[in-house]
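> Residue numbers (the working numbering), protein chains in the order written: chain A, 112 to 500; chain B, 112 to 500.
No wet-lab data here; the hints were simulated from the structure.
Hints may contain errors.
In this list, chains with the same sequence are indistinguishable; a pair is considered to hold if it fits within one copy or across any two.
Stated by the list, open to error - List of simulated lysine to aspartate or glutamate pairs, EDC-like, C-alpha gap at most 16 Å:
#1 Lys271 with Glu331
#2 Lys174 with Glu137
#3 Lys211 with Asp136
#4 Lys271 with Glu298
#5 Lys211 with Glu137
There are 2 protein chains.
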Amino acid sequence: MRLTDAVVTTASIRSPIRNAVVGFDEMTVSVVALITDHVRNGERLTGYGFTSNGRYAVTGPLKERFVPRLLHAEPDELLASDGSNFDPERAWQVMMRAEKPGGHGDRAHAVGVLDMALWDLVAKVEGRPLYRVLADRYRGGTADERVFVYAAGGYYAPGKDVAALQDECQSYIDMGFTTVKMKIGGEPLPVDLRRIEGVLAILDRPDQLAVDANARYGREEAREVAAALQPYGLRWYEEPVDPLDYHGLSAVAAEYEGALATGENLFSARDVENLLRFGGLRPDRDILQFDLALSYGVVEYVRILAVLDELGWDRRRCIPHGGHQAAIHAAAGLGLGGNEIYPGVFEPFGLLPDESAVVDGYVRPTEAPGIGFEQIDQLYAVLREAAHS
Amino acid sequence: MRLTDAVVTTASIRSPIRNAVVGFDEMTVSVVALITDHVRNGERLTGYGFTSNGRYAVTGPLKERFVPRLLHAEPDELLASDGSNFDPERAWQVMMRAEKPGGHGDRAHAVGVLDMALWDLVAKVEGRPLYRVLADRYRGGTADERVFVYAAGGYYAPGKDVAALQDECQSYIDMGFTTVKMKIGGEPLPVDLRRIEGVLAILDRPDQLAVDANARYGREEAREVAAALQPYGLRWYEEPVDPLDYHGLSAVAAEYEGALATGENLFSARDVENLLRFGGLRPDRDILQFDLALSYGVVEYVRILAVLDELGWDRRRCIPHGGHQAAIHAAAGLGLGGNEIYPGVFEPFGLLPDESAVVDGYVRPTEAPGIGFEQIDQLYAVLREAAHS
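For reference, chain A alone in the conformation it holds in the complex (with noise of 0.2 Å):
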């Protein structure tokens, strides 16, 4: 069994939103497909990956170091011991040949896709849903029957007021979710606290209601908001500072008593682990957003696990950024704590299997071979012709 080719394609997926710092108009996600030679059903075998939203597509990366180093690698270099399926651990090893340590950015999303498209042909090979294979794999096969996910939506779009954002988030509970997101740190402080109230006035209680600042404050700025968002006893109050900055969410940590997250632009383990040692984070309640279609992939993803372990961190703090189904395969089998979704954003990319499958705010995983992006027809049209392109 052996990789006989690797497809890299970049899709859009812009769109006019926007949160407190970037547009989405020029983003791009890299489409991967990893072609082998095992015949199944007549084709053959092929493990799909896209990059989440929010990081531009990785092309070069891509297509100038990873992919190479894994297709000229001995086929056993990335096989299992006793070479019965692909082994994304070792296939890790290739693909970090020859790169220094540090700067964890566009890498880790290169590799973030190639892992996922491997532990797709994984489970494919297995025939088994990824969440059962992880869980067996690393978590003594106790799998989670479904996985919370919130709506993370109310970004700032040009006319959008506070009715149409209140009809959006109440879509959403429509949906099936309990707990939503919107965006604040784009409009001055009282602008956005009346779109929070307005929010709050269709949910029934105030921690159904998210809001993420994507690091637009500065310290101070950042604690002005803290100040005025605890009243409301929102679910968490997300990257209210950059998230490198270390010192600055100390003191956001040391004053506001809710649920702070942060985490979804940090994509190694050693970067959470400083996020953990020198963050001022609280282990009874903040939330931790890292995405492991960003951070070098699944096998980035449980050394990530083991930083929290070892940390006193319980895994079910983690509700990754992303919004994709290889997530939601490793919150079931990893035992994580949820998923964000991007109802109608993102799409065909970030689209659910069943869109009728939210229920009381969760979902369950696939049971397809793989990660199941075969079960979502426009998603796997896109998949499927970047394979054939």
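Position chain B against the provided structure of chain A, taking the given hints into account.
Then chain B, alone, in the frame of chain A:
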């Protein structure tokens, strides 16, 4: 005055050398030529830049994000307010549009190479060497007339014994260097200690020798090696642990009385702040090696120096990684502590304008307009070919 074109090419700097962690047999750099409509001496004024060694070419980020943003900007978005010259600080804002915070890896190298080419242009438009332009802009006009440099070598190579290592280091002393650096961590400690003792035998003083572990050691081993190195009184002990392992570095710094050095694998002011706040380094002795070509360029380096000021560090503690002329100009213009040079390695990118110019461990920056790449025949041939490719 405007940019009319940007040429991006890749050059190999492959070499059979190894440090303790990576080989350089696939190593590449990105070369950029920014071409303007400004004609001087019958040619369009062109700015050149290239990435530093160790992190590979960044073709994808350059071609897909940063070069298009520069070329699609309104011309005056890249110019100083009086329109008389390019303004790299304004260009930096243009390049980083729609980029999320955090994730300072390949992206930092791509912006760094464009920043280098922009500063080459700025100094050429002024008709002055870059170090004087930087001194005027950022240091009240005070420039250093000469820059401390040390010879970085002592790599592992097949068949290279202690005698060959001694010959290599003696050749650096003969060139005019006073300080040499060698690799450790690629052999068992007793072997490395014999290599160190071999080099010390040809030097006058032990503080003429620095050793570089390239983040090879785990935490415990790094401390054991520190204890073994302590009696020698070496110039510094570089990258004992992973560049982001601030907890581990603190443990080494708490025990090792000599100087530590690190930072070549940190690429942003945010990462620098974390290193200085949490890494246990000591402002009275330790060395900081941030490489501006890999770290978003001079514009971000100035922010790094502001972090040093805020946290009580003298900028003379900075001796950058990289070994390129842009860093010589930055050292002289911004008042750093020196620069790394790799004699005979990574040519032509690491060449000095005149190899005989090292006197008592110091070089003078070139007085030619710009960075002075045109003064290095072998390098300029590569850059010029790139610009016309």
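> For every hint, state whether the structure bears it out.
Each hint tested on the structure:
1. With identical chains, the CA atoms of lysine 271 and glutamate 331 are never at most 16 Å apart, being 28 Å at best within one copy and 56 Å at best between copies.
2. Taking the closest pair of Cα atoms, lysine 174 and glutamate 137 come within 16 Å of each other only across two copies (14 Å); inside a single copy the shortest separation is 21 Å, beyond that limit.
3. Proximity of lysine 211 to aspartate 136 under the C-alpha cut-off of 16 Å is restricted to the inter-copy arrangement: shortest distance 13 Å between copies versus 33 Å within a copy.
4. Proximity of lysine 271 to glutamate 298 under the C-alpha cut-off of 16 Å is restricted to the intra-copy arrangement: shortest distance 12 Å within a copy versus 63 Å between copies.
5. Taking the shortest alpha-carbon separations for lysine 211 and glutamate 137, only the inter-copy value of 13 Å comes in at or below 16 Å, while the best intra-copy value is 30 Å.
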